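Got chain A; can you put chain B on it based on the hints?
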Amino acid sequence: MATTTLRNTCSRSRSLEFLVAMVVVALTLCSASVRGGDVTSVSVDAASRVTKIYGAGGIRGLESYQTGILVSSSGHIITVLSTAIDSEAIDCVLDDGRRYTATLVGVDLRRELAVLKIDGDDLPHFKLSADSPRQVVGTRVLALSNLFGVAVGDERVSVQHGVIAAQVPLRARRGSHEAAYRGDVYILDCTTNNPGSPGGCLVTWQGLFIGMLGKELRSAQNGTWLSYAMPANELALGLEMILSGQTDQSLADQTQSLDFDLQSLGFILVPDLLDLTPPFVEAVTRDTLAAASGLQTDDLVVAVGNRTVTSQRGLRQELSRLIPGDPIQLSIIRDGNIVFVDLGVIPAIAEPTRER
Amino acid sequence: MNAALERMEQWNEWSSGMNRTLGCVPSYCFSLTVWLLCVASLNFHCTTLAEPPEQPEPALAEQIAFQTAVRTIAQSVVRIEASGLSIAALQGGREATPTAGPSSGLVVGSEGWILTTEFAVPPDIKEVVITLPPGQQTTKTPKQPLERLVGRVVGRDLNRRLVLLKCNPKTPLAEPQFATQKPIQQGEWALAIGRVWDPYEPSVAIGIVSAVDRCWSRAIQTDAAISPVNYGGPLLDIQGHVLGIIAPLPAEAAGMETGTELYDSGVGFAVPMHDIVPLLPRLKKGETLRPGLLGIGYSTTDPINGRPVIEIVRADSPAAKSGIQSGDQIISIDGQTIQRIADIRHALTPKLAGDSIKIILRHEGEKTPQTIQAVLTDTLPPWKRSMLGIIPARQTLKAKNKKAQNSGVMIHSIWPDSPAEKAGLQPQDTITAVAVTGAANADSLPFRPLASSNQLAGFLGGLTGNTDVVLKVRREEMFQDFSMTTAPFPETPLPGTPFKDTPAATPIPGNTPPTAIVKLEIPEVAETSWAIVPDQQEGPPLGVLVFFDEPSGALSENAVTAWAASWREAVTRHGVAVVILPSSDSNTWRQADLERVGKTMNVLSQRYEIDPTRIGFAGFRAGGTFAWLGANRFETIVRGVCLIDADIPRRSKIQEASPERFRWVLFGTANKEDTNAEIQQPFEKSEQLLRSAGMPVGFLSFADDEEKALRLCQWVEALGLL
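These protein sequence lines map, in sequence, to chains A and B.
In terms of my numbering, the first sequence opens at residue 1 and continues consecutively.
In terms of my numbering, the second sequence opens at residue 1001 and continues consecutively.
Hints may contain errors.
Claimed, not checked - Ranges of calculated distance between the beta carbons of each label pair, as one might list FRET restraints:
no.	chain 1	residue 1	chain 2	residue 2	range
1	B	Lys-1599	A	Val-150	17 to 27 Å
2	A	Val-39	B	Ala-1592	32 to 42 Å
3	A	Gln-296	B	Ala-1592	42 to 52 Å
4	B	Leu-1158	A	Arg-218	26 to 36 Å
5	A	Gly-97	B	Leu-1158	55 to 65 Å
To be verified - Non-contacting residues of chain B with respect to chain A, defined by C-beta distances greater than 10 Å in every case (computed):
no.	residue
6	Ala-1315
7	Pro-1416
8	Ala-1433
9	Phe-1683
10	Gln-1714
Just so you know, these hints were derived from the structure itself, not from any lab.
Only a predicted model underlies this, so the values are computations on that prediction, with no experimental measurement involved.
Where is the CB? At the ideal position from N, CA and C, for every residue including glycine.
Next comes chain A alone, as it looks inside the complex:
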């Protein structure tokens, strides 16, 4: 860590200024070492590796600016994939006010990442590693981003503080569309879902780079706005993929949600008339998996495996996540008690067999 700090900072300075810089760094290092989580020095250092990004957009609801993170000394910048960078001219403004025109190197559609490149050298940056350790809930963090675009020119990006509130798979939506990425993210307790925040950097109070602020998304669970960050190791994987020229177009996670045919399991639900019709069993067909498991009319399905369902739609969604060979275990409420029923495993052929 110390080495990185020094190398990145001093390489920016020139000739005689260099000495001064070294002394400053030495002193900073000294104070940071002794006091550990010095918010000021950590912020100043992290801000030098963050860039303001200005691109297309500016239409109502779509911002034309966001934030990016320098990930190589030669000017690779990782940021979120958005309309702002879907542009002929993308401008990146560094912490010292230098303005560069960036080119788009590639995108990772699943993680919704983009890599930009500016023409620089010896730029301060964060080193991404696929082995970055995950942080635990309650870890104090600093989020640096061009929040609302208030930082102009060489003004330092804004710093927010908070903790990691949770670490969970992302289940988010934008409008009615589900987000493609389903991997783990850090949920933050500070509000980082504002214009300009996407692409900002997340560091611990000790200065360790741990993630990138995500897009403006809502939770698919309860519709609230999400403040989240993609962990550093995922970023590293995305970066590696983009730089190696692969373009992951397979949105595998997304396309698998097929409408599940409950009849093939041997039961039907009460008519699905409402948004949140509870999954009550209307009827069980004789000689089927459902009948064999002991499922009964009027049972209320409340969970598939470990995941709770509260509506018929939820039940179908959960079942559609299962792949052939997965066990089908339902928790149901019957006469005020929770009962488990085991419907065996998902048949090898996903297509429902229709026998008459």
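Coordinates of chain B only, in the frame set by chain A:
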């Protein structure tokens, strides 16, 4: 020391590398720098070695404290999901009450008692699924199956929106420690815990206690991020002890009812444990705790800072039974000193039905305070507004005019066929005192002197049904008593004929009355609102009609001028300012437009003197529905709503009418061939609901825009009816 030497070697190696890269930099620079760095790192190592087990630095110590607190509580925070409409309810076609995803709950008894909020368990839900925390030893991977139990609703606290559930765990649940020993301090750490994100691990948000005694002394306020992800979970102090249950409480002052509007805003609430713990035994017994009502009201323009003088005493209410009278000044409630109306609300809002309270008060005109005891109730007898049938002269807020009013309530006009007309009251009469004709001797009637029409409104607000009253009236410097029986408020608010007016107000035919069109600009708001006002320097305070048309976006001055043509006569004749509020979106009315309504009213009241008892909202089609929502948002000031070719939104909450919350509702339509059957049909259901809530509902039809304008402005005048 070895480590330091190793580092020094690394620096040397690195600096020579740098030297090659930047050949121009003299090498002594590097030597110096390296030396400095070594000193730095040596210093560091020396300190660590010299001082054995060092305290972690504060930021880290705090982080450790947060994480320890979360661990301390983890076993007591459960996840709650409602899947629970009964089949009967579903087949009956009732709409589902959407519960937005899972919620959290807190163990309050090891035998399976779980406390959560109404957000997780809406009123029509009786059973929920409770997911218990994973066993203590379980790490995140591999994930053990979680234990789920059925939770049954046992008790509810409707005043604090809490729900007590019972489940039957196989092993006792972990009871948390409550922080009820010491008072909660503003500024102390507050950790908001939930189990929504991850059933295996509770989530945490960090903040401080922003305030105590919020929501009229029912809640702690925190800046920790509060949202559906932690409603029902505990708010902890830094030791991991429970300060309170996180709950979406209504921030009435900000016009927010569900309490969820404030999520992630920096404002969150929790119901303090020291209030909940004493209630737990009652909740466990299956009680439903309801807000305690006393049955008093005030008639003041400042319901927060006004003097704590009671104006309205609801008939058959605990207040009436305990001997509280109109005009009493409250001195203390249960030992809490009362100095303004807000203090009364702070003292009463946390109370529940059945609670007995001790009130010290002073009757009007008396010196010795009285102590009374009242038992609060959960429902007040239904209230219907009764009237005398007088329309008082315009009221003013300005101090300079107050003196003129102190002599009584001057009558502007008389409602046709009303008790006042039958008793022989006339425009320009002044009512100076009023009394209920009870069993008391006619000579010793407890006359209540009247200084303002507010006081008369308060007096009438406390009456029920047909009550015999006596009015002391001054007519041309002569005093006379008039007896009458109050009548229910008119069902059809607008009589076919204009009500009896003072002659001066009748317009001179052929003259176009002078009006002005004014821009009402609000700082930081792009859309300009407009008002059509009588063009006069001096005059009585204006009534206000805010009109919402179909959404059309911003209006040009020309459009407004054209629109205003049909309003000119009505505006001057009845002394009404008609405000036209354009929608910010050309296709739809938005929530944000509601906020503009309030600001526009403020701008208007800064420029013109307004009569607060004559403010009505009206709207056409989508604007009509929006007018209803606006009236809900500003319910304390809006006395009437008129929906033209519009109905109230189906899910809109209709609150019981009370003296403080009273609204006259009109459904209007352009007069086609024949009228009433056609107009009334679509609104039957709303009419029924409104009437059963104690609000008068009328129907308005008009032949053209001029008539519409006249009828609406006349109605605004009539809103002051007493």
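Taking the hints in turn, this is what the structure says about them:
Against the hinted window of 17 to 27 Å, the Cβ-Cβ separation of Lys-1599 (chain B) and Val-150 (chain A) comes to about 25 Å, which satisfies the hint. About 36 Å separates the C-beta atoms of Val-39 (chain A) and Ala-1592 (chain B), a value consistent with the hinted range of 32 to 42 Å. For the pair Gln-296 (chain A) and Ala-1592 (chain B), the beta carbons lie near 50 Å from each other, so the given range of 42 to 52 Å is met. The beta-carbon spacing between Leu-1158 (chain B) and Arg-218 (chain A), approximately 30 Å, falls within the hinted interval of 26 to 36 Å.
Here the CB-CB span from Gly-97 (chain A) to Leu-1158 (chain B) is close to 58 Å, well matched to the stated 55 to 65 Å. Its beta-carbon lying about 43 Å from the closest one in chain A, Ala-1315 (chain B) satisfies the requirement of being farther than 10 Å from that chain. Every Cβ of chain A is farther than 10 Å from the Cβ of Pro-1416 (chain B); the closest lies at roughly 50 Å, confirming the non-interface assignment. Every Cβ of chain A is farther than 10 Å from the Cβ of Ala-1433 (chain B); the closest lies at roughly 57 Å, confirming the non-interface assignment.
A cut-off of 10 Å between C-beta atoms confirms that Phe-1683 (chain B) is not in contact with chain A; the least separation is 26 Å. Every beta carbon of chain A lies more than 10 Å from that of Gln-1714 (chain B), the smallest distance being close to 42 Å; the non-interface claim holds.
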